[in-house]
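Listed here are the chains, written in short residue letters.
There are 2 protein chains.
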Amino acid sequence: MSPDTPHKPDRLGTIQPAYVRPLDLKRGRVDLTHGAGGRASHQLIDSVFRPAFAPTWPSGWQDGGDDGAVLPDLPAVPGSATGGKLVMATDAHVVSPLFFPGGDIGSLAVHGTVNDLAMMGARPLHLSVSFILEEGLPLSDLLRVVQSMARAAREAEVAIVTGDTKVVERGKADGLYISTTGLGQCRPGVRLSGRLAQAGDAILLSGCVGDHGAAILSQREGLRFEAPIESDSAALHGLVAHMLDTGAALRVLRDPTRGGLATTLNEIAVASGVGMQIEESAIPLNPTVAAACEFMGLDPLYMANEGKLIAICASEDAERLLSAMRAHPLGREACLIGQVTPGPAGQVRMRTAFGGQRMLDWLMGDPLPRIC
Amino acid sequence: MSPDTPHKPDRLGTIQPAYVRPLDLKRGRVDLTHGAGGRASHQLIDSVFRPAFAPTWPSGWQDGGDDGAVLPDLPAVPGSATGGKLVMATDAHVVSPLFFPGGDIGSLAVHGTVNDLAMMGARPLHLSVSFILEEGLPLSDLLRVVQSMARAAREAEVAIVTGDTKVVERGKADGLYISTTGLGQCRPGVRLSGRLAQAGDAILLSGCVGDHGAAILSQREGLRFEAPIESDSAALHGLVAHMLDTGAALRVLRDPTRGGLATTLNEIAVASGVGMQIEESAIPLNPTVAAACEFMGLDPLYMANEGKLIAICASEDAERLLSAMRAHPLGREACLIGQVTPGPAGQVRMRTAFGGQRMLDWLMGDPLPRIC
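Those sequence lines, one after another, are chains A and B.
Going by this note's numbering, the first residue of the first sequence is number 1, and it counts up by one from there.
Going by this note's numbering, the first residue of the second sequence is number 1, and it counts up by one from there.
Don't read these hints as lab results, they were simulated from the structure.
Ideal placement from N, C-alpha and C gives every residue a C-beta, glycine not left out.
Hints may be right or wrong, so weigh each one.
[Claimed, not checked] If you want the footprint, here are the derived chain B segments under chain A, 3+ residues with CB under 8 angstroms:
#, segment
1, 22-29
2, 92-102
3, 118-132
4, 151-160
5, 165-173
6, 179-193
7, 248-255
[Claimed, not checked] Selected chain B positions facing chain A (Cβ under 10 angstroms, derived; list incomplete):
#, residue
8, Leu32
9, Gly35
10, Val48
11, Ala89
12, Val146
13, Gln147
14, Met296
15, Leu298
16, Cys335
17, Thr341
Using the sequences and the hints, build the whole thing.
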């Protein structure tokens, strides 16, 4: 995408460049890119889901396009007190293979939804889980997944409180799929959204990128590297609580999952109507992951992470926030990777290690289907 | 099951008769009965899910084995007020075919979760939705499903506030699967659970049984009957609100979905440790559904319903509650179908139309996979 490609921001804040053709809702079909978290996924949301579901929203309630929904206040009843907005988030998990270095579909299903709540500044409280099982799935595999979920939930101090199970015939699923939904509660006064980045803000990253994607892919392809590559899958709400404790002027938190760091930065740039300037040399990268990505011809900036976050804050608070992040086990490698710029709106530019400028576009296509 | 089969109620209230073999968690495999809502489904929950997830629950919190989870109170913060317990419920939907007389997977996914909340006495407020789409799904089908969901949500006055989409390769799903999770709020003071039925209570049914199962099956088999058979899929919370307005001593509300009326009555009998005496002649049945079931060799008492409820209340309130139900469009055919008895615990007996006694056991096997 050249910087002068014409853009037309739509009513809902998404910019589809001119070369993206509208979805053919009459004759088109779902393809794997619709699940990849890139432009096609957003196009599907904007063309199909949002127009249908927006009329169901309470009047005055606004969809933030974020990882979860901040719910309207519950009707007040005298004599009963609570505080802090409720947040709801959901994730389907179809990762293949079911078990991989550093985790499995069960721990991932807990971390994925816990992190969606955490990115909203919410303390995760309750999870529901819905299983779609394939006839013939070994019960021992199911048990292993379920015990892994339970362990992840206990570690994250969330309760799995309700669930449902369906079974489909052999060949109609791939082992099992898990959807988790989380309910969390914000600290009173905390407001985070991808729409709140401001020119001049600092862009922080909690650690190295690409580990989850590289772990899944090397497992899938049977590749072995000198050092083992493990998924970074982890629950981030502890790190977030630590960050909120600083009182820093945090505007945006996002976990760069499908589509990776590059796509998530683009999402924020579009939602906030700002530009971004990133320094490639500042982005931490595990050397084995870097080597694996080079070998596989993939860009780690577009690979999924499951235990990393992007934080955007007022520049004067960046150092304080970085220190707090580095003091937490999940933020030890945290660093400043760039700045929010006034424009061009929706564009993320990166100064490469060689000093040139590169446009960081959204993920296109789906190089890694079923990464989460 | 003979009335003198030995029973061993386990810690969690489920009775597995002696002839049910324990799950072989080392070498066993998932089969379709695990998704059918009968004994095998319960066995899977008791052997795999509950033991794993119970350690994640807050101390003092008890799983009611109900359609949703009543959540512990949120931490109180002065100055902010709310009231009524929050309830969370989730359902996976894998119905095949996707479109059927009287509904589709989209409307069903809304009604299913709305009804789970309603059965807990909660007013449904918010839904999340997670889609698993098969590569190659016509977008026009997806749009039709999504618009149907939106229509059902608007009619039920619930907001679809957040969602997620994953895509799997051709052959790894069957068109699409939808998991919905709902958040609702109970009226202050309302407490309903399958554990609360008492000897002497009246058992009410809101209308005829088997319509949903018969509609799906005849669509699947390409059968045609004199009168069209339509699914009864509908949101029941309006009917429930109407019932709660009476102030009747309601103990249990349940929607007899998978496994049908017979299985749901058994679940309640086990959970409450009571017996039940049902009158076959009192159970309303659509004549075309009766004929279709006879033709297909299926028992309508075991067929899924998606817009009916069982209510158990103090016998002195039964008439008042019935009148209220009959005054609502979804309860016009409501009737008294039996009584709760002191024992034998966990057994449901039915006086047949010919005057004999029949044991109504749980659904065994899965005569109708993927009914919802």
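The hints, checked one at a time:
Proximity of the segment 22-29 of chain B to chain A, defined as three or more residues with a beta carbon under 8 angstroms from a beta carbon of that chain, is established by the 7 residues found. Proximity of the segment 92-102 of chain B to chain A, defined as three or more residues with a beta carbon under 8 angstroms from a beta carbon of that chain, is established by the 3 residues found. Counting residues of the segment 118-132 of chain B whose CB falls under 8 angstroms from any CB of chain A gives 7; the rule of at least 3 is met. For the segment 151-160 of chain B, the stated coverage by chain A is satisfied: 5 residues place a CB nearer than 8 angstroms to a CB of that chain, which reaches the threshold of 3.
Residues of the segment 165-173 of chain B with a Cβ under 8 angstroms from some Cβ of chain A number 8, which satisfies the need for three, so the listed coverage holds. Remark: the segment 179-193 of chain B is confirmed as covered by chain A, as 5 of its residues place a Cβ nearer than 8 angstroms to a Cβ of that chain, reaching the required three. Counting residues of the segment 248-255 of chain B whose CB lies closer than 8 angstroms to any CB of chain A gives 0, so the stated coverage by that chain is violated, three being the minimum. A least Cβ separation of about 5 angstroms between leucine 32 of chain B and chain A falls short of the 10 angstroms threshold, and the interface hint therefore holds.
The restraint placing glycine 35 of chain B at the interface with chain A holds, with a minimum CB-CB distance near 3 angstroms, inside the 10 angstroms limit. For valine 48 of chain B, the shortest C-beta to C-beta distance to chain A is roughly 6 angstroms, which falls under 10 angstroms, so the interface hint holds. For alanine 89 of chain B, the shortest C-beta to C-beta distance to chain A is roughly 6 angstroms, which falls under 10 angstroms, so the interface hint holds. About 5 angstroms separates the beta-carbon of valine 146 of chain B from the nearest beta-carbon of chain A, less than 10 angstroms, and the hint is met.
At its closest, the beta carbon of glutamine 147 of chain B sits 5 angstroms from a beta carbon of chain A; the interface hint therefore holds under the 10 angstroms criterion. Interface restraint check: methionine 296 of chain B against chain A, minimum CB-CB distance 19 angstroms, threshold 10 angstroms, status violated. The interface hint given for leucine 298 of chain B is broken, as the beta carbon of that residue sits about 19 angstroms from the closest beta carbon of chain A, more than 10 angstroms. A least Cβ separation of about 29 angstroms between cysteine 335 of chain B and chain A goes past the 10 angstroms threshold, and the interface hint is therefore violated.
Here the hint on threonine 341 of chain B is broken, as its CB sits about 30 angstroms from the closest CB of chain A, past 10 angstroms.
When each numbered hint is compared with the structure, violations occur for hints 7, 14, 15, 16 and 17.
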